[in-house]
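Engineer: Next come the chains, spelled out residue by residue.
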Amino acid sequence: MAEYLIKNGFVFDPVLGINGDKADIAVKDGKIVESTALSNPQVIDAAGKTVMAAGVDIHAHVAGPKVNVGRNFRPEDKLFNCEAGKGVRRMAGGFSVPTVFRTGYLYARMGYGTVMEAAMPPLYARHTHEEMRDTPILDQGAYPVFGNNWFVLEYLKNNEMENVEAYISWLLRTTRGYAIKIVNPGGTEAWGWGLNCNSIHDPVPYFDITPAQIMKGLMDANEALRLPHSIHIHTNNLGNPGNFETTLETFKLFEGAKPNNDFGRKQVMHHTHVQFHSYGGDSWANVESKADEIMNYVNSHDNMTMDLGCVTLDETTTMTADGPFEHHLTELNHLKWANTDVELETAAGVVPYVYSPNIKVCGIQWAIGLELALMAKDPMRVFITTDHPNAGPFFRYPRVMKWLMSQKAREAQMDSLKWAEKVRGATFLSGLDRELTLYEIAAMTRAGTAQALGLADMYGSLKPGLQGDVAVYDYNPETAEDPELIEKAFSNAAYLLKGGEVVVKDGEIVSNGNKKTLWVDAKVNDNPQVRRDITEKFLRYYTVTEANYEVNEKVFMKNPYRIEVDATQ
Amino acid sequence: MTKIVTDVVCPFCGTLCDDLEVKVSDDGTQILEVYNACVIGTEKFLHSQAKDRLKVPQMQDEEGNWKDVSIDDAVDYTAQMLCNAKKPLMYGWSSTNCEAQSTGNEIAEIVGAVVDNTATVCHGTTLIAVQDVGVPSCTLGEVKNRADRIVFWGCNPAHAHPRHMSRYSIFPRGFFTGKGHKARKMVVVDPRSTDTAKMADVHMQIEQGRDYELLSALRVAVRGAPLPETVAGIPRETIQDVAETLKSGRFVVIFFGMGVTQTLSKNHNIDMAISLTRDLNEYTKAAIMPMRGHYNVTGSGQVLGWQFGFPFCVDLSRGFARYNPGDSSSNDLLRRGEVDAVFVLGSDPGAHFPISSVKKIAQLPSVCVDPHHTPTSAVCKLHMPVAFVGVEEAGCAYRMDNVPIETRKVVEAPEGMVSDEEFLKMVLTRVKEIKGVA
Chain R
30 MAEYLIKNGF VFDPVLGING DKADIAVKDG KIVESTALSN PQVIDAAGKT
80 VMAAGVDIHA HVAGPKVNVG RNFRPEDKLF NCEAGKGVRR MAGGFSVPTV
130 FRTGYLYARM GYGTVMEAAM PPLYARHTHE EMRDTPILDQ GAYPVFGNNW
180 FVLEYLKNNE MENVEAYISW LLRTTRGYAI KIVNPGGTEA WGWGLNCNSI
230 HDPVPYFDIT PAQIMKGLMD ANEALRLPHS IHIHTNNLGN PGNFETTLET
280 FKLFEGAKPN NDFGRKQVMH HTHVQFHSYG GDSWANVESK ADEIMNYVNS
330 HDNMTMDLGC VTLDETTTMT ADGPFEHHLT ELNHLKWANT DVELETAAGV
380 VPYVYSPNIK VCGIQWAIGL ELALMAKDPM RVFITTDHPN AGPFFRYPRV
430 MKWLMSQKAR EAQMDSLKWA EKVRGATFLS GLDRELTLYE IAAMTRAGTA
480 QALGLADMYG SLKPGLQGDV AVYDYNPETA EDPELIEKAF SNAAYLLKGG
530 EVVVKDGEIV SNGNKKTLWV DAKVNDNPQV RRDITEKFLR YYTVTEANYE
580 VNEKVFMKNP YRIEVDATQ
Chain X
58 MTKIVTDVVC PFCGTLCDDL EVKVSDDGTQ ILEVYNACVI GTEKFLHSQA
108 KDRLKVPQMQ DEEGNWKDVS IDDAVDYTAQ MLCNAKKPLM YGWSSTNCEA
158 QSTGNEIAEI VGAVVDNTAT VCHGTTLIAV QDVGVPSCTL GEVKNRADRI
208 VFWGCNPAHA HPRHMSRYSI FPRGFFTGKG HKARKMVVVD PRSTDTAKMA
258 DVHMQIEQGR DYELLSALRV AVRGAPLPET VAGIPRETIQ DVAETLKSGR
308 FVVIFFGMGV TQTLSKNHNI DMAISLTRDL NEYTKAAIMP MRGHYNVTGS
358 GQVLGWQFGF PFCVDLSRGF ARYNPGDSSS NDLLRRGEVD AVFVLGSDPG
408 AHFPISSVKK IAQLPSVCVD PHHTPTSAVC KLHMPVAFVG VEEAGCAYRM
458 DNVPIETRKV VEAPEGMVSD EEFLKMVLTR VKEIKGVA
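Residue numbers (the numbering used here), protein chains in the order written: chain R, 30 to 598; chain X, 58 to 495.
Quick caveat, the hints were computed from the structure, so don't treat them as lab data.
Please note that the accuracy of each hint is not assured.
To be verified - Computed list of lysine to aspartate or glutamate pairs in EDC-like fashion (alpha-carbon distance at most 20 Å, straight line):
{"id": "1", "chain 1": "R", "residue 1": "583", "chain 2": "X", "residue 2": "463"}
{"id": "2", "chain 1": "R", "residue 1": "566", "chain 2": "X", "residue 2": "64"}
{"id": "3", "chain 1": "X", "residue 1": "236", "chain 2": "R", "residue 2": "565"}
What the hints assert, rightly or not - Output of the computed footprint for chain X on chain R, the stretches with three or more beta carbons under 8 Å from beta carbons of chain X:
{"id": "4", "stretch": "107-114"}
{"id": "5", "stretch": "366-375"}
{"id": "6", "stretch": "573-579"}
All C-beta atoms in this analysis are idealised placements derived from N, C-alpha and C, irrespective of residue type, glycine included.
With the sequences and hints as input, model every part of the structure.
Structural biologist: Okay, structure coming up:
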């Protein structure tokens with residue numbers, strides 16, 4: 030493979046502690062190496078440019094059944110954004126729910142190399158893998174959802190922890206999944222009857238267990254299994270005024286818990302799109318930001334990580350395994366509603382949404398997402414996301430960065446809101462003069478996320494030995510003054526090296542790369558009880574046979590990358 | 058010694074039953090028996106064993122005489138035809154696997170074709186309605202485990218989806234439905250007294266083509282508002298009773314078929330049916346599901362969706378994906394004379410399109426890829442016989458509830474025969490050569 034020497038760039042790498050120093054980065058045989066290891070490298074002149082490891086997205090909805098519902102039921106989402114194929118590029122289109130090709134290209138153009146699909150219904154794992162297989166460039170993995178799974182609910186209710194662990198191990202292997210995702214624990218099962226669990230103590234109908242027990246039990250199982258990522262939570266009561274109390278209650282469930290793994294992960298729980306979970310007030314009339322209370326807690330408890338879920342003030346398509354929430358949303362905005370309840374496992378809903386700058390609540394939501402980041406004391410634990418496409422499309426990350434790095438830019442946005450004064454009154458944003466640095470941005474978009482995923486030995490830094498995933502941005506931190514340059518530069522990477530190969534050059538896709546699909550194989554002791562239970566459930570309640578459930582690695586995955594964990598001790 | 062292959066997936070209808078067992082000969086070439094399948098599914102497996110099966114591509118000359126050609130010639134003719142055409146139509150895709158669909162889509166992209174599947178003449182109206190109002194739905198296991206109110210509207214599963222009622226909807230005992238059909242209420246809406254209708258608790262024998270009115274009336278009745286004495290030939294009291302039956306259920310499912318998608322009002326019927334389902338969610342849990350016909354028509358919509366963003370009628374001829382049913386749909390293009398070559402794989406428009414469309418196909422350079430000689434091959438210039446997907450070739454297919462299942466290979470195809478995907482890959486390679494694409 031080719032050798033590259035990226036010379037004289039301003040390097041930002043929180044893992045190595047490099048904060049804008051000029052340095053050369055060497056890549057050989059797909060990996061980062063010391064520059065002395067190169068013999069005849071191609072030189073990339075990065076003078077006056079910013080150099081970081083490629084981005085790692087911990088949470089986005091980019092592949093699978095609900096994403097494809099979003100594409101197929103919104104032809105209007107393709108207006109004015111279709112691109113013809115060119116060179117190695119396939120045709121691409123779609124705004125809030127881009128086609129798989131456009132997803133790969135847009136992420137690569139932002140300098141991202143790894144993206145995790147945040148919710149995979151196990152019965153639809155094959156579909157999720159088919160879409161990931163067709164998504165170019167990006168290394169990907171998918172989190173199967175566990176929080177409403179009948180096996181999990183029954184085992185946890187009976188306090189059969191070994192059985193929970195054996196079942197998780199089986200499901201991760203069978204679906205080629207990466208981590209334990211929990212969405213509206215218990216509430217989505219309740220949705221099977223049109224009901225919900227609005228607090229973490231509401232019992233789940235029939236199963237007689239609470240969301241708190243589900244989350245705590247899955248966290249214990251996750252640590253016993255020593256998985257690379259922690260449990261990944263979207264707690265109950267999303268999107269409702271006053272829900273910050275539910276969020277804090279969820280956080281507190283894990284107090285004192287310690288991580289147990291060999292992957293360098295330091296948290297026992299990742300809470301996703303916290304913006305949607307940080308509302309005070311008791312109605313839409315008096316909803317207000319509680320980012321302060323949320324971040325006070327996060328800052329003082331280092332066994333958790335979180336991502337933002339920033340609202341970007343776009344028209345978008347919401348989609349989540351929180352089935353009852355999507356019904357609530359369609360009742361609110363009266364736009365079209367798709368829902369799919371999945372036997373024994375989960376549900377999902379999809380509803381278009383317009384985050385209008387003319388609506389007060391949307392402005393408040395926009396502000397809260399930014400406040401969470403600006404109040405964060407440890408950027409290695411607080412990550413930039415938009416919960417794509419729920420709060421906005423992922424290709425707005427550079428715009429979010431602009432707002433976070435420039436008070437002037439966010440004040441300009443604030444001023445353009447129709448209800449700017451009311452938004453100011455209900456939020457803290459205008460009082461925050463912090464401007465994040467590129468060093469902090471690098472932590473929030475690559476170093477921190479790679480560590481939280483247990484992938485710090487592959488991604489997130491420019492340390493020799495890691496994957497040759499390097500992004501170069503045409504942004505000079507010493508001279509750039511206009512915040513618009515941030516958005517422009519980080520939307521159009523000058524270079525992206527993926528696995529040691531140039532895939533983006535001058536903002537243009539020049540290769541489809543050689544993507545990997547990551548999954549976790551956790552070995553546990555043989556468990557005849559769980560084997561028997563699986564066989565029985567498939568015979569009696571599933572509509573596919575047990576033998577037809579497993580995802581065939583050879584057919585459905587591109588370059589499968591198995592991460593082995595031994596939890597048999 | 059014979060052997061039994063288990064967990065076989067049936068490549069016939071959208072029910073995609075995956076519990077078949079097939080007895081094959083020791084050498085893996087002969088299917089001897091098929092267990093658990095319905096009569097149609099059984100026939101599909103056994104038919105692959107027909108002694109007079111086509112194995113060699115054939116071309117038709119201007120006088121209508123057929124002569125055998127090599128696979129290489131067939132590949133070249135197909136590639137040249139697609140590359141020479143300004144706007145070829147690549148139609149079908151519903152009786153093949155997603156891998157073949159994906160390869161076909163890539164060819165279509167390079168040659169600037171219109172890709173359309175059989176939804177264009179069956180549930181395309183449903184897909185349009187979903188774009189209007191969405192679709193609250195569920196998997197078939199939810200129906201089995203929870204549903205106690207089942208509506209079949211304009212469909213006849215007893216004949217068209219023969220195992221649907223026994224596997225999923227009426228008879229099975231699920232987790233919360235331990236009494237099976239005894240605790241389910243079954244409503245059928247159909248102008249005909251079908252075998253499905255005869256089994257129903259209530260058969261609303263609607264006047265032909267009046268579905269929109271009856272669906273509207275049910276929405277009115279669900280809200281408890283006044284109704285005229287009869288609607289669509291159904292007495293007010295019956296409508297009110299049915300509305301009450303649905304509202305009092307714990308989990309309602311409406312299944313609907315071409316009796317309502319292809320009658321007057323088309324997608325507007327489905328808009329109304331989906332809206333009724335939405336309304337019912339105010340009172341209980343309700344879902345709706347189209348009774349998809351071909352075993353992988355759903356898959357074609359999915360693959361087109363993630364690759365181009367639209368589920369059918371995708372026009373790639375301008376270099377980017379366009380979608381406009383009524384304009385970019387197969388019959389409209391054919392009847393307006395807007396396409397100049399036709400490629401058919403995995404369906405039979407010769408049997409199902411209007412004669413005016415079929416005549417157009419007969420006048421154009423055309424290819425039919427199908428294991429059988431069909432009415433479509435009769436009007437095409439080239440017939441390319443291939444292996445049976447789901448019998449002689451594995452690959453992914455999507456059930457009517459969008460659940461993907463990997464079909465299984467049960468027997469070897471006759472020697473020298475290629476699969477849909479293999480044929481398309483050869484065409485793709487040739488197309489790239491002709492177009493000079495890397």
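Engineer: Let me make sure I understand: some of the numbered hints might not hold for this structure. Which ones are they, in numerical order?
Structural biologist: No hint contradicted; all consistent.
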